[in-house]
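Read top to bottom, the protein sequences are chains A and B.
Just so we're aligned, residue 1 is where the first sequence starts under our numbering, counting upward by one.
Just so we're aligned, residue 1 is where the second sequence starts under our numbering, counting upward by one.
Be a bit skeptical, because a hint or two may be false.
Which residues of chain B face chain A? A partial, calculated answer using Cβ under 10 angstroms [claimed, not checked]:
(1) Thr163
(2) Ser174
(3) Ala176
(4) Asp241
Only pairs whose alpha carbons sit at most 27 angstroms apart, straight line, appear in this in silico DSSO-like list of lysine-lysine [what the hints assert, rightly or not]:
(5) B:Lys60 x A:Lys111
(6) B:Lys232 x B:Lys222
(7) B:Lys232 x B:Lys60
(8) B:Lys157 x B:Lys93
(9) B:Lys93 x B:Lys34
(10) B:Lys306 x B:Lys34
(11) A:Lys111 x B:Lys306
(12) B:Lys60 x B:Lys93
(13) B:Lys189 x A:Lys111
Rather than coming from a laboratory, the hints here were simulated on the basis of the structure.
Every residue, glycine too, gets a C-beta built ideally from N, C-alpha and C.
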Amino acid sequence: MLKRRAALILLVAALLGLHGCSDDDSLSGVWTGAFSDSLGGFGGGNLTLRQSGAALEGSWEAVFQTFAGRAQYNNGGSLAGTVDGGSISLVMTSSQGSCSYHLDATRSGRKLSGTYAAIDCATPQTGSVDLERI
Amino acid sequence: MQGLRKHGFVVAAAFGCHLAMASLGSAQAWLPPKGEAWFSLSYGNTLVKDHYFYDGERVKEGEIRSHSALVELGYSITDRLGVKVNLPYVAAKYDGVNPHMYPVDDGSTHGTFNDFRLEVRYNALRSPIVLTPFVAGVLPSHHYEYFGHAITGADLKQFIVGTSFGRRLDPFLSRAYVQGRYSYAFVEKIEGIFHDRSNLDLQIGYFVTPSLQLFALGVGQKSHGGLVFDRKEIPTWTASDFHHHSQLGRTDLLGVGGGVDFLATSALDVYASFMTTVAGRNDHAINAQFTLGLTIGFSPRQILRKMSRSDAPSVAPGP
């Protein structure tokens, strides 16, 4: 009887362990999800962040749907910024030589969401992101 | 082996299609006798060519091919009370011009384990109508990608209640039976959005010989909330809506199919089935889904008894 109970406890512990309950406080990692862009429409993308103290650096990528010429707004590059508590401020630089973007985001557990706008760009471009660290 | 059948529809989960969550494979109204256990292994191959929009229109958005393997272990604690647990491994590939996100939709195959399912069943009525209520919990084995065409599941916790039912159709139609299951799933809310669902699955079978049966299948799903894939509404979605639309789709689906089941030995059952969706809203349309599987029945008590006998020292001659 004791063995059966021990086996049951081990099974439940294994299931919970596999599910993964912990959230890392650091922002370092790959955050993936959706972009909603005033020019590109809906798309998917990611931010790859490396955190050192309050400083952030890394890369980003956004891929929009291919219909209606939206794919011309696909973009990506490097990023740098800071984090203060749950508030994140990033400048995303395009490797394609297009405009840079300023992203203000908040992080809540595994979720990261925010809005962005092109910096000093001839064509205004704004959008929002909804990302999650998988 | 009676009642240990049809694990076919679990595989629809391969691409996040919620139809799969109430697998007909679990329709088992009849339970094995006390002390009997079973191990089941099935393979599913699913092809999606169309997406259903809110009005039922089928739209070509690329092809999704998914493969899945399901391992299940079950045990009858008593003649009326049974428990089972399963875990699928799913691999999917998207081939089309409208990827949602990379790498999941990059044209290559990506696979992972998706959700544990633990189910407890109690056989309340035995004859002539069999009624077996159940409760089940679905827990993602880990956090996996749920955004994209070629996703492998919804990454959502669920609590499911329902009942299986069945009846032999003799004396009206000898050798035939009908069984099914209704379930209601309390699904983890996303962004505060309610999206529970109901599933109704039916199976009609006929024993051509005592060990060979043919069966027809019908599966249905009705969502009680969630996002509608309306071309007018989609542009008003937020990034979060788009991110979670596969999890939150107000999915209604109707599928039909059939298969064959062969009891090869008293402890080995093999089966094959086919299914396709004939109508739906706000989800992927399943063009074709093939499933192959086997179930092995065994008695853990007898195995332990045999092992203890073989381990026992031979009897030494007395002094």
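- Message: Against the 27 angstroms threshold, does the CA-CA distance of lysine 232 of chain B and lysine 60 of chain B hold or violate the hint?
- Response: Roughly 18 angstroms between the alpha carbons, so the hint for lysine 232 of chain B and lysine 60 of chain B holds.
Take a quick look at whether lysine 60 of chain B and lysine 111 of chain A sit within 27 angstroms of each other, Cα to Cα.
violated (31 angstroms)
Taking the least C-beta to C-beta distance, is serine 174 of chain B closer than 10 angstroms to chain A? Given a least distance of 43 angstroms, the restraint on serine 174 of chain B is violated.
For the hint on aspartate 241 of chain B, just tell me whether its beta-carbon gets within less than 10 angstroms of chain A.
This interface hint holds because 8 angstroms falls under the 10 angstroms limit.
Given a cut of 10 angstroms on the nearest C-beta pair, is the interface hint for alanine 176 of chain B held or broken against chain A? It is violated, given that the least Cβ distance between alanine 176 of chain B and chain A is near 39 angstroms, above 10 angstroms.
Checking one constraint from the list: CA of lysine 157 of chain B to CA of lysine 93 of chain B, max 27 angstroms. Satisfied? Since the Cα atoms of lysine 157 of chain B and lysine 93 of chain B sit roughly 24 angstroms apart, the hinted pair holds (cutoff 27 angstroms).
Margin query: Hinted pair, alpha-carbon criterion (27 angstroms max): lysine 189 of chain B, lysine 111 of chain A. Please report holds or violated.
Written below: holds (15 angstroms)
ask   = Hey, lysine 111 of chain A versus lysine 306 of chain B, does the alpha-carbon distance stay inside 27 angstroms?
value = violated (53 angstroms)
Has the given pair, lysine 232 of chain B with lysine 222 of chain B, been kept, meaning a C-alpha gap of at most 27 angstroms? Distance ~22 angstroms between lysine 232 of chain B and lysine 222 of chain B Cα, so the pair holds.
Q.
Hint check: lysine 306 of chain B vs lysine 34 of chain B, CA-CA at most 27 angstroms. Holds or violated?
A. holds (19 angstroms)
Checking hints one by one. Is threonine 163 of chain B an interface residue toward chain A, by the C-beta closer than 10 angstroms rule?
violated (25 angstroms)
CA of lysine 60 of chain B to CA of lysine 93 of chain B, is that 27 angstroms or under?
holds (16 angstroms)
Comparing the model with each numbered hint stated earlier shows that hints 1, 2, 3, 5, 9, 11 do not hold.
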